[in-house]
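Please construct the entire structure, taking both the sequences and the accompanying hints into account.
Number of protein chains: 2
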Amino acid sequence: MLPWLEGPQGSPVGAGPPAERAAEATARAREEVAALLGVEGRDVLFTASGSEANNLAVKGIAWSAPRERRRIVVSAVEHPSVLHSARFLEKQGFALTVVPVDGTGRIDPEVFREALGEGTALAAVTAASNEIGTVQPIAALAEACAATETPLVVDGVAAAGRLPLRSRAAGASALSVAAHAFGGPSGVGALWVREGVRLTPLLHGGVQEEGRRAGTPSVAALVAMGLAARRTAETLETRRRRLDTLTAMLRERLAALAPPPILRLTGHPEERLPGHLSYLAEGIEGESVVTALALEGILASTGYACSRADLASPVLTALGFSAREARGSLTFTLETTTTGAAIDALVGTLGPILTRLRRLSPLVE
Amino acid sequence: MLPWLEGPQGSPVGAGPPAERAAEATARAREEVAALLGVEGRDVLFTASGSEANNLAVKGIAWSAPRERRRIVVSAVEHPSVLHSARFLEKQGFALTVVPVDGTGRIDPEVFREALGEGTALAAVTAASNEIGTVQPIAALAEACAATETPLVVDGVAAAGRLPLRSRAAGASALSVAAHAFGGPSGVGALWVREGVRLTPLLHGGVQEEGRRAGTPSVAALVAMGLAARRTAETLETRRRRLDTLTAMLRERLAALAPPPILRLTGHPEERLPGHLSYLAEGIEGESVVTALALEGILASTGYACSRADLASPVLTALGFSAREARGSLTFTLETTTTGAAIDALVGTLGPILTRLRRLSPLVE
Numbered sequence: 001m002l003p004w005l006e007g008p009q010g011s012p013v014g015a016g017p018p019a020e021r022a023a024e025a026t027a028r029a030r031e032e033v034a035a036l037l038g039v040e041g042r043d044v045l046f047t048a049s050g051s052e053a054n055n056l057a058v059k060g061i062a063w064s065a066p067r068e069r070r071r072i073v074v075s076a077v078e079h080p081s082v083l084h085s086a087r088f089l090e091k092q093g094f095a096l097t098v099v100p101v102d103g104t105g106r107i108d109p110e111v112f113r114e115a116l117g118e119g120t121a122l123a124a125v126t127a128a129s130n131e132i133g134t135v136q137p138i139a140a141l142a143e144a145c146a147a148t149e150t151p152l153v154v155d156g157v158a159a160a161g162r163l164p165l166r167s168r169a170a171g172a173s174a175l176s177v178a179a180h181a182f183g184g185p186s187g188v189g190a191l192w193v194r195e196g197v198r199l200t201p202l203l204h205g206g207v208q209e210e211g212r213r214a215g216t217p218s219v220a221a222l223v224a225m226g227l228a229a230r231r232t233a234e235t236l237e238t239r240r241r242r243l244d245t246l247t248a249m250l251r252e253r254l255a256a257l258a259p260p261p262i263l264r265l266t267g268h269p270e271e272r273l274p275g276h277l278s279y280l281a282e283g284i285e286g287e288s289v290v291t292a293l294a295l296e297g298i299l300a301s302t303g304y305a306c307s308r309a310d311l312a313s314p315v316l317t318a319l320g321f322s323a324r325e326a327r328g329s330l331t332f333t334l335e336t337t338t339t340g341a342a343i344d345a346l347v348g349t350l351g352p353i354l355t356r357l358r359r360l361s362p363l364v365e
Numbered sequence: 001m002l003p004w005l006e007g008p009q010g011s012p013v014g015a016g017p018p019a020e021r022a023a024e025a026t027a028r029a030r031e032e033v034a035a036l037l038g039v040e041g042r043d044v045l046f047t048a049s050g051s052e053a054n055n056l057a058v059k060g061i062a063w064s065a066p067r068e069r070r071r072i073v074v075s076a077v078e079h080p081s082v083l084h085s086a087r088f089l090e091k092q093g094f095a096l097t098v099v100p101v102d103g104t105g106r107i108d109p110e111v112f113r114e115a116l117g118e119g120t121a122l123a124a125v126t127a128a129s130n131e132i133g134t135v136q137p138i139a140a141l142a143e144a145c146a147a148t149e150t151p152l153v154v155d156g157v158a159a160a161g162r163l164p165l166r167s168r169a170a171g172a173s174a175l176s177v178a179a180h181a182f183g184g185p186s187g188v189g190a191l192w193v194r195e196g197v198r199l200t201p202l203l204h205g206g207v208q209e210e211g212r213r214a215g216t217p218s219v220a221a222l223v224a225m226g227l228a229a230r231r232t233a234e235t236l237e238t239r240r241r242r243l244d245t246l247t248a249m250l251r252e253r254l255a256a257l258a259p260p261p262i263l264r265l266t267g268h269p270e271e272r273l274p275g276h277l278s279y280l281a282e283g284i285e286g287e288s289v290v291t292a293l294a295l296e297g298i299l300a301s302t303g304y305a306c307s308r309a310d311l312a313s314p315v316l317t318a319l320g321f322s323a324r325e326a327r328g329s330l331t332f333t334l335e336t337t338t339t340g341a342a343i344d345a346l347v348g349t350l351g352p353i354l355t356r357l358r359r360l361s362p363l364v365e
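As given, the protein sequences belong to chains A and B, one line each in that order. Taking the working numbering, the leading residue of the first sequence gets 1, the next gets one more, and so forth. Taking the working numbering, the leading residue of the second sequence gets 1, the next gets one more, and so forth.
These are calculated hints, taken from the structure and not from any lab test. Note that the structure is a prediction, hence the values are computed from the model and not measured. Note that CB positions come from ideal geometry on N, CA and C, so glycine has one too. Just so you know, not all the hints are guaranteed correct.
[Claimed, not checked] Cβ-Cβ distance ranges computed for the label pairs, FRET-style:
1) B:291 - A:3: 52 to 60 Å
2) A:234 - B:27: 15 to 23 Å
3) B:256 - A:3: 34 to 42 Å
4) B:252 - A:66: 20 to 28 Å
5) B:6 - A:118: 51 to 59 Å
6) B:24 - A:17: 37 to 45 Å
7) A:336 - B:347: 53 to 61 Å
[Said to hold, decoys possible] Each computed SDA-like pair below joins lysine to any residue, with the alpha-carbon atoms no more than 20 Å apart:
8) B:91 - B:68
9) B:91 - A:92
10) A:91 - B:65
11) A:91 - A:63
12) B:91 - A:67
[To be verified] If you want a taste of the chain B side facing chain A, the calculated C-beta under 8 Å gives, among others:
13) 3
14) 5
15) 20
16) 79
17) 81
18) 216
19) 218
20) 221
See the structure below:
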């Protein structure tokens, strides 16, 4: 990023050599992101976050939909940027259908198909949940959408860098990603929109991004996202294998914690994001675990950055857990840089903490 | 920015020491931006651009307006991010009034007052135009808004770093700025919204910015914006004096170009942005001037980054110039780092170019 933060900052849509260099670098970054998604560069828009990409996809397609299509369909395990965009559209006069999931967090394609009517403006589904790790059957859901010519928005933010995206884009009309989820910086994302899909801008004004997204961008951030996308695309299979090994190791160690068995896996047992494990610790508050781990020098957090710590997770609620059960949520996200020793240290510390907290808990009978 | 780009990137709304450091730095940057605007830090939202800040202000306040307030009022010299946001709201069922300006680009407060009815959701006016330099009588316009309790959105993007903003915020409901306009990086802006003014988010989702703007931000960009705001606030008066001196010098040199007098000042003769001069070169295409200057090693551009080079400027058209006249637009933006020698070199090169181009022009009788 450094060359783009030092010296004159050209705008990719300006004139003169600095602007031309910025435009060239932006075009290259766009191709690199497109390659990670398995799509055409000309159909990729840069945004300032995955949340902006999701907002733009859901609102932008809904606002461009034919008048007779006034329904939005989303699943019950969507990221707030998708769910709350849909709820906003509901206030603007659209109808909203929230498709339920099974106990593993999966959307049943048949249930999904029934929710789609002729009058659906768009459906939005996450490729994989960052909260419970469950991977959705996007191909089957896309097929259901194709039958009614319903545009499908796929939230790829959690999947990017962990799962191939080309197959997720294949039947979709739009796909969102965020750079920081695959090794890039915070504050930059992208949205692919299939050629021919009409999209009303969310940010009106300038000629940037072919008039579909106004605002002078950070060229440094776009370049960094491109580089991260290229590296991710080149190493995806190696990364996946490494993450699968680490995940199996952590899962085994946690399963061996005894007595008693106090961790219950949430989400799908097999169809999961590589490097992602999520549990409910029965009768234990996640906050207490975080505090106890911090005292031992291990950093953790409850929920994730986009959620409110004081509210029960709507995703866990959708899986059938009570608000009380949901308070015991523990999520582990492994990176390729995670070591076996770190996993041993984590489980060695976590085990006794869970046992002690459980003994103290008034929630356990 | 560097410490925030290296090492672990904490989210300001996450948990753990990196997140806490990010939250502290973000809070400090927010106070620094607030100090430049002369407002309270708690009422300042970070965005990814000045255009996003303008979009959020105009749409966010309109969407939150009482049902009986369904009119948007803007001036004829607004930035595309304000004008096109208003036009989008028009498609969503709002009425739009575009208030004309006089030949200097100024809004007459009486004309403005008449355009404001009881049913106005908001009015949006730029503090100063980046195209013609004209400074608007914001205090008088704010007074007109107060009489009908109409929220006034002030676009402060071009004014920030060149004019004091406190007096512009005084009677306003919202004020937008972009960091790159006052020495900060591209890709970050801010919107101040007066306490009590209702604002529907443009980016729904996470808990960032108190739920008013979703998306994980670039902490590096926020920190840099804060620093630029602090430096700007500390040096504003010195900067203004230096810019006024440089501007007077350039203006004098250009006025002395002879024969014949071929440059006509656009915008207001006195009420102008410090460091800003804009002209129409009679019978000459701006593009030809840019090319000729480039051959002499001087970089210039026609229009500005957010406009389309192939369309006549709506701002110049609003001042009463024809599309043909508007093609001869030349804008000079001086910085405190501009030297007298650079001004001499520019005018020494530009003068003969204008004379030669004018002789060649089929547009001149």
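These are the hints, each one checked on the structure:
1. Under the hint 52 to 60 Å, the C-beta atoms of residue 291 of chain B and residue 3 of chain A, about 28 Å apart, miss the expected range.
2. For residue 234 of chain A and residue 27 of chain B, the hinted distance range of 15 to 23 Å is not satisfied, since their beta carbons lie about 39 Å from each other.
3. Look at residue 256 of chain B against residue 3 of chain A: about 41 Å separates their beta carbons, and that is inside 34 to 42 Å.
4. The hint said 20 to 28 Å for the Cβ distance between residue 252 of chain B and residue 66 of chain A, and at roughly 60 Å that hint is violated.
5. The hinted range of 51 to 59 Å is satisfied by residue 6 of chain B and residue 118 of chain A, whose Cβ atoms lie roughly 53 Å apart.
6. The beta-carbon spacing between residue 24 of chain B and residue 17 of chain A, approximately 39 Å, falls within the hinted interval of 37 to 45 Å.
7. Our hint of 53 to 61 Å for residue 336 of chain A and residue 347 of chain B holds, since their Cβ atoms are close to 59 Å apart.
8. For the given pair, residue 91 of chain B sits about 17 Å from residue 68 of chain B by alpha-carbon distance, which is consistent with the 20 Å threshold.
9. Using a Cα cut-off of 20 Å, the hinted pair residue 91 of chain B and residue 92 of chain A holds, with the two alpha carbons roughly 13 Å apart.
10. With a CA separation close to 14 Å, the supplied pair residue 91 of chain A and residue 65 of chain B stays within the 20 Å bound.
11. Taking the CA atoms of residue 91 of chain A and residue 63 of chain A, the gap is near 13 Å; set against the 20 Å cutoff, the hint holds.
12. For the given pair, residue 91 of chain B sits about 13 Å from residue 67 of chain A by alpha-carbon distance, which is consistent with the 20 Å threshold.
13. Annotation: interface hint on residue 3 of chain B violated; nearest CB of chain A at approximately 13 Å, more than 8 Å.
14. Using the Cβ-Cβ criterion of 8 Å, the hint placing residue 5 of chain B at the interface with chain A is satisfied: the shortest such distance is roughly 6 Å.
15. Checking residue 20 of chain B against chain A: minimum C-beta separation of about 11 Å lies over 8 Å; hint violated.
16. Interface restraint check: residue 79 of chain B against chain A, minimum CB-CB distance 7 Å, threshold 8 Å, status holds.
17. Nearest Cβ of chain A to the Cβ of residue 81 of chain B: about 3 Å, under the 8 Å cut. The hint holds.
18. With its C-beta approaching chain A no nearer than about 5 Å, residue 216 of chain B sits inside the 8 Å limit, and its interface hint holds.
19. Interface hint status for residue 218 of chain B: upheld, as the beta-carbon distance to the closest one in chain A is roughly 3 Å, under 8 Å.
20. Against a cut-off of 8 Å between C-beta atoms, the interface hint on residue 221 of chain B holds, since the closest Cβ of chain A lies about 6 Å away.
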